[in-house]
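Visitor: The task is simple: from the sequences and hints, build the whole structure.
Given next are the chains, with one letter for each unit.
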Amino acid sequence: MTGSPLGNVARTTSHRVVIPFYVYGAAALLVATVMLLVSHRSFTGHYFQPHLLAITHTMALGWATMIILGAGHQLFPVLVETDLYSEGLARASFLLAAVGIPLLVYGFHSFDLGLPARLGGTLVLGAVLAFMANIGMGLVRSKRENVHAVFVFTSTAWLLLTAALGLALLFNFTRSLLPHDSVHYLGLHAHLGIVGWFLLLVLGVGSRLVPMFLISKYTAPRLLWAVFILVNTALLGHTVFFLVDMPAWSDYVPVTMVAAALLLFAHYCRQAYRQRIRRKVDAQMRVTLLAVALMLLPTAVLLVLLTSIALGGGAQVRVALLYGFTIFFGWLTAIILGMTFKTLPFIVWNKVYRPRATLGRMPGPKDLFSDRLFLATVAAYLAGFTLFGWGIAQASVVLLKIGAVALLATALLYNWSIGRMVFIKQLGP
Amino acid sequence: MSAPGQDELIDKALDALRTVDDPEVGLNVVDLGLIYEIEIGPDAREVDCLMTFTTEFCPMGASIQAGVTEALKMTFPEAAVQVRITFDPPWSQSMISEAGRMFLGG
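Respectively, the protein sequence lines represent chains A and B.
Residue numbers for the first sequence follow our numbering, beginning at 7 and rising by one.
Residue numbers for the second sequence follow our numbering, beginning at 782 and rising by one.
Since the hints were derived computationally from the structure, they do not count as laboratory data.
Among the clues, some could well be false.
Once the Cα atoms are required to be at most 20 Å apart in a straight line, the calculated EDC-like pairs of lysine to aspartate or glutamate come out as [said to hold, decoys possible]:
#1 A/K348 x B/E837
#2 A/K223 x B/D829
#3 B/K854 x B/D802
#4 B/K793 x B/D824
#5 B/K854 x B/E818
#6 A/K286 x B/D869
#7 B/K793 x B/E859
#8 A/K223 x B/E818
#9 A/K286 x B/E879
#10 A/K223 x B/E859
#11 A/K357 x A/D118
#12 A/K357 x A/E93
#13 B/K854 x B/E837
#14 B/K854 x B/E789
#15 A/K357 x A/D373
#16 B/K793 x B/D829
#17 A/K372 x B/D802
#18 B/K793 x B/E851
#19 B/K854 x B/D792
#20 A/K286 x A/E151
#21 A/K372 x A/D251
#22 A/K357 x B/D802
#23 A/K348 x A/D373
#24 A/K357 x B/E851
#25 A/K348 x B/D802
#26 B/K793 x B/E820
#27 B/K854 x B/E879
#28 B/K854 x B/D788
Guide: What follows is the structure, given as structure tokens:
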């Protein structure tokens with residue numbers, strides 16, 4: 007056995023690069039939940055409304071994508087076992103997205119799809135390109151074949167496609183760029199982002215982090231490759247079916263493939279859980295595992311929606327709204343709530359305590375946040391998610407309002423935790 | 782490691798390293814199985830430690846390595862301490878000691 011001396015340990019991505027993404031994401035969640043409360047009545051109508059588009063993009067880009075990009079810059083080097091290619095590109099990605107997202111959201115909210123929205127969409131596309139270049143160069147430098155890294159890179163490619171199509175749709179509102187009007191393509195745009203970006207990325211990163219945090223012996227690369235192939239084939243199939251104008255029922259095939267992939271992934275997480283060495287599972291990991299179970303919910307809702315369309319039944323608009331809600335406020339938010347407190351405390355700990363690592367025992371990363379505050383956040387979230395979802399299903403303004411208040415409370419508690427962590431000076435000793 | 786007095790010196794080093802925890806797991810680096818070899822030179826003038834991390838590019842790696850170095854320097858103040866990192870063989874769960882498994886509830 008040989009080893010490298012002190013200077014050759016891997017460089018971790020600077021906290022200065024990563025933390026702004028988390029702070030931005032937390033603020034975006036707050037903005038989205040305020041908009042949700044203000045516009046809760048909109049959830050009794052059609053999903054194609056300015057305020058709903060604004061909320062959806064605040065959740066998808068400002069909240070989920072910004073947190074994922076932040077965590078991605080920190081975790082990708084762990085996944086591919088090489089340093090981050092460029093912190094400059096990471097900073098560029100943040101700046102472009104940070105400016106572009108509010109412009110885009112403002113455009114949707116006021117339904118002014120002119121210059122601000124187009125500039126916003128272009129900047130977001132630039133942010134995605136910067137992230138993709140960073141990830142791509144990291145993969146090129148990595149010497150190991152790694153299924154998790156392939157998930158991440160492929161999901162980023164789908165994100166690029168989602169952002170490019172989204173931008174084209176923006177221009178298509180006023181200039182005839184595409185064969186149909188922009189509303190026609192909304193479903194494709196949404197699924198490229200939801201399945202190609204969010205789902206694929208969460209499956210790829212989750213399949214690495216879940217066993218790692220549980221200290222589990224379980225590995226199953228072939229199962230993960232099967233998940234990868236199922237999800238990508240499903241998305242390609244959906245895209246082709248859409249482009250050749252197949253009837254809605256044909257989407258049963260890709261939906262069934264995604265459902266199979268999710269069941270395989272749930273099996274993977276269950277096996278990792280059963281074969282764990284660390285018996286005591288903390289609240290953050292429990293919420294993460296709950297999020298894995300919640301992934302099945304929108305798939306079930308989508309099957310109901312497809313059946314409803316096939317049978318020519320009513321209530322499709324409410325089911326479609328519920329479908330989107332169970333994604334952005336469901337598993338995606340749940341997994342971020344859980345994983346934030348498994349990643350950010352370590353980033354902050356490295357910032358505050360790493361220079362003092364030689365001074366003996368000191369507070370650990372888990373001491374940087376309050377477990378009780380975290381549990382209160384989760385309780386508010388579960389109440390808000392259930393009530394608001396129920397409100398959509400029942401078209402009940404009262405339930406929607408109570409649910410929105412609980413989700414706003416979730417965002418406030420989450421921001422409180424993030425603020426305490428990020429702006430911490432130093433705990434003892 | 783078999784020279785006279787070496788065993789006691791190595792035990793002393795291991796005791797010191799049991800005060801250094803992996804911040805994520807909360808278990809010390811010895812029972813977690815991160816320490817592969819410790820060699821202590823004549824008159825304890827040189828201490829050479831070979832260790833690993835649970836994963837290559839561990840975000841906490843530099844902090845853990847610094848903690849190990851400092852613990853050895855405090856225990857052997859006269860010695861030149863070197864802490865080297867290897868991933869050959871890579872760390873696996875089987876390297877966790879019985880005491881470590883008890884700590885983790887396994």
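Visitor: Hint by hint, note whether the structure agrees.
Guide: Evaluated hints:
Of the pairs offered as hints, the one joining A/K348 and B/E837 holds, with about 18 Å between alpha carbons and a cut-off of 20 Å not exceeded. As the CA atoms of A/K223 and B/D829 are separated by approximately 30 Å, the hinted pair breaks the 20 Å bound. Taking the CA atoms of B/K854 and B/D802, the gap is about 16 Å. The hint holds against a cut of 20 Å. For a cut-off of 20 Å, the pair hint linking B/K793 to B/D824 stands: about 14 Å separates their Cα positions.
A hinted pair counts as satisfied when its Cα atoms are at most 20 Å apart, and B/K854 with B/E818 qualifies at roughly 16 Å. A threshold of 20 Å between alpha carbons decides the hint, and for A/K286 with B/D869 the separation of about 30 Å lies outside it, so the pair is violated. Note on B/K793 and B/E859: the hinted pairing holds, with a Cα-Cα distance of about 15 Å set against a maximum of 20 Å. A C-alpha spacing of about 24 Å is found between A/K223 and B/E818, which places the hinted pair above 20 Å, so the restraint is violated.
At roughly 16 Å between alpha-carbon atoms, A/K286 and B/E879 fall within 20 Å of each other, so this suggested pair holds. This hinted pair does not check out: A/K223 and B/E859 have alpha carbons roughly 41 Å apart, beyond 20 Å. Note on A/K357 and A/D118: the hinted pairing is violated, with a Cα-Cα distance of about 42 Å set against a maximum of 20 Å. For the hint pairing A/K357 with A/E93, the CA-to-CA distance comes to about 16 Å; that is within 20 Å, so the pair holds.
Of the pairs offered as hints, the one joining B/K854 and B/E837 is violated, with about 25 Å between alpha carbons and a cut-off of 20 Å exceeded. Taking the CA atoms of B/K854 and B/E789, the gap is about 17 Å. The hint holds against a cut of 20 Å. Among the hinted pairs, A/K357 with A/D373 is consistent with the structure: their alpha-carbon atoms are about 14 Å apart, no more than 20 Å. Taking the CA atoms of B/K793 and B/D829, the gap is about 14 Å. The hint holds against a cut of 20 Å.
About 13 Å separates the Cα atoms of A/K372 and B/D802, which keeps this hinted pair within 20 Å; it holds. A threshold of 20 Å between alpha carbons decides the hint, and for B/K793 with B/E851 the separation of about 14 Å falls inside it, so the pair holds. Only pairs whose Cα atoms come within 20 Å are accepted, and B/K854 paired with B/D792 is accepted, the gap being roughly 15 Å. Of the supplied pair hints, the one linking A/K286 and A/E151 is violated, its CA atoms being roughly 32 Å apart against a limit of 20 Å.
For the hint linking A/K372 to A/D251, the alpha-carbon distance of about 52 Å lies beyond 20 Å, and the restraint is violated. Distance hint between A/K357 and B/D802 is fulfilled; the C-alpha atoms sit about 18 Å from each other, no more than 20 Å. Simply put, A/K348 and A/D373 have alpha-carbon atoms about 12 Å apart, close enough for the 20 Å limit, and the pair holds. Proposed proximity of A/K357 and B/E851 is supported: the alpha carbons are some 19 Å apart, at most 20 Å.
For the suggested pair A/K348 and B/D802, the alpha carbons sit about 17 Å apart, so the restraint of at most 20 Å is met. Under the criterion of a C-alpha separation no larger than 20 Å, the hint pairing B/K793 with B/E820 is consistent with the structure, at around 12 Å. At roughly 27 Å between alpha-carbon atoms, B/K854 and B/E879 are farther apart than 20 Å, so this suggested pair is violated. For the proposed pair B/K854 and B/D788, the alpha carbon gap of about 18 Å is at most 20 Å, so the pair holds.
Checked against the numbered hints listed earlier, the structure breaks hints 2, 6, 8, 10, 11, 13, 20, 21 and 27; every other hint is satisfied.
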